[in-house]
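Asks: Between the sequences and the hints, there should be enough to build the whole structure, so can you do that?
Listed below, chain by chain, are the residues.
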Amino acid sequence: MQATFRALTDSLVPSTRRIGYESPINITDMGVHEYLIYGLDHYIAIQEQLHHITLPLAYPTAIMLDEAATQLVNTGRAQASPQIQFPGGGMFSRLSREDRIQTLSALENLAFDLYLLPSPFQNNGGLIKHVIDALNRFAMFGYYSEWPAYGTTRLYPPDDRRLEFFPWGWQQVGYPGVSLGYRDFRGMLIEYEEVKAKEVD
Amino acid sequence: MSIDADVILIGAGAGGAVVAKELGELGVKVTVLEAGPWYGNKQWKEPNQHRGSVSSSNPSDLDVNLLRHQYNRQENTMNDVVSGRFRFGPADRRQSVWYRNIPEHGMAWQASGVGGSTQHYWANSPRAFASAVDDWPISYSELIPYYEKVEHTLPVQFAPTTSKEELFYYGAEKAGWSLIDTLNPTSPGYRPQPNAILPPNERLMDPNTSLHQLSHMEGCTLAGHCINGCPYGPSVDKVAKRSTNVSYIPLALKTGNVEIRPNTFTTKILTENHPEEGVKAIGVKFRDTWTGEVGELYGKAIVMAAGSIENPRLWLNSDLPSNEWVGRGLTNNYWDWMTGVFDEKDLMRILGNQNVNPFVGHTSAARLDYPGLGSIQPSGLSPGLTSFLTFGFSQSGYASKLKQSPDVPWDLQGRVVGNELKEWMDSYRNTLSFLILTDDQPNKRDGVTVDPFVKDEHGAAPVIQYTPSKQDTKKRNELAKITADILRKAGAKKIIRTDWPANLFAHILTTMRMGFVVDTNCEAYQVKRLFIADSSVEPNSGGGVNPTLTAQALATRTAEKLAKKYFS
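Protein chains in written order, with numbering that gives the first Met the number 0: chain L, 0 to 200; chain G, 0 to 567.
The hints are all genuine.
35 Å max Cα-Cα, derived DSBU-like pairs, lysine-lysine: (1) G:LYS148 x G:LYS284; (2) G:LYS563 x L:LYS197; (3) G:LYS454 x G:LYS44; (4) G:LYS237 x L:LYS197; (5) G:LYS480 x G:LYS493; (6) L:LYS195 x G:LYS473; (7) L:LYS195 x G:LYS173; (8) G:LYS564 x G:LYS237; (9) G:LYS564 x L:LYS195.
Covered by chain L, according to a simulated footprint, are these stretches of chain G (three or more residues, beta-carbon under 8 Å): (10) 63 to 77; (11) 175 to 182; (12) 411 to 422.
Derived from the structure by calculation, the hints contain no laboratory data.
Ideal placement from N, C-alpha and C gives every residue a C-beta, glycine not left out.
Replies: Written out as structure tokens, the structure is:
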């Protein structure tokens, strides 16, 4: 499952700019795949008689990605690489970045035999679309928010996480971090009291 | 039967807090039940870690230093929809979020807690367009005094200009739009946002006053954290962004008549069949989110202000009389999002500064209103939110897979991933984004039902669905073209239209509409003494403007009508 999510975040928010099937070099692993797994495993909680159950979605999602990738490969819509980029991964992790995106795209268009997907996705188009959409959102928010900078505490319960360094994503885009204020006041175009007084007239 | 309070009020968000203050001032005793935590209150020094007290009714419990510590302004800590402090879930963040079934691309973006979603709202507080209110059972002129009262109380001010607004005004002028200096737009034009944010401190531009000092003084510091949670001010009741936990709630507590109980999820409205009044609300059943214990509270009237998802869910899970419009007719302003990237030399010429810096100033401080279509508003967010909202959240799929018509005035539509995403994000500081709000019309097929199979700890789970009409889509496309034109005229070199999923629920309104579920006093037609006071009673989407001020004006009016009918 870890390898599948690594392959997923590598296609959505690559830690290095590389293409095709080359081996990752100098990869700074921000661990965003773990953020996705955490998010999916805390997304749906339901009550069944005495049990309040948090439905783990990450594992069935990984199976779904592999099953969809297999269907794409079997129908000639994608090609599997003979090289192993993500050890331990299934078919999804053997596709090129582009074919991994193609797999997500085919999934959200429900262009599959949905009967072959694992529960709770089996014949559940609404949930498939919802989760594929969420994978994209989660991957980007995981990467560009401060989450990776929780470092060794990033998988702790939320209240036990601590920022250990300045977030890479913020640094990359030039965000200065949280702020007390900015001296960029360029005036008021109109004032409430004046406008209100004018409208009463 | 013993009574616990005159009024039991469900929800301390945008509308509920207003009702609490207004009723409290009229001498009515109110108990407020809020499902989420209470930040900035000494009774809950670690509101996400420990259960703390049961309730608070004392304004001296409010503590801005605690608020400052808890609203730490980091986007993942605050805004993460699964584990953030502003999620829709229990205070204990080890527990999962509360489930909403949205069987489509999309998400419900709400916050639980005292202040509700106003904790992360942008404080944009325009009035509804008069032309949209023409379709309501009450008139626009009847609403005006209530608008004015809320604008005075929050208070609402026109927003200050920073770089991103200056760039927008420049583009809007070039595109041929004029300034409309009004609170009541009747024709298209641009203006600063009427925002519930205190004006900048007059010493903000004085380098002799440090930003640290300014952040402890009254007035906005242009820190750009409206969405991440604003903690700046000398005391809770003077915090710059006027979420209801810092505006109406302190005023409510000051009346001495209001008790607020966080961590308390209301699961059922209790009724009885009265020989004269018919079915009437007499109380509520609730569940403590820390202990799971359930209880009941009784009052002479009940006010639902739990939002446009939980109100209908509560009605349906309480077996209240059948009404085919409960939960139906949902509108969400059918949002979209567009972003342009600018060259530094153009920015230098226009702004005298080589960056837009979208993270500076109010999250959104200007708007273009277009009665009949809706509105657009330049907006700037922190990087994580910007990345997923601009590049990761689309009903068009991946931009690389979309065959774009050559006629459209934007360069890309849909999600952008991989190396191309990195390139766009590298230009983050030189982007200007726009939120598009559509004048969408209520349709019966859209709304909230309860899942026949899936329950959570509070009962049958809500299912939310929304399909825009052809007319809604057409209006949204028109607004997207206007936005692209303004961006282009301002000098944008590349423009992306994200095409957000229709099932994005952040503005969530019109599921318990006046004239369909509630009467003009906002009392339920079929259940006496049950009032509703939030955006769910708005009869339409107000012409495609931000719904909060209107919800608050109606809540002010409802409190007055309720007190007059049952407590005078």
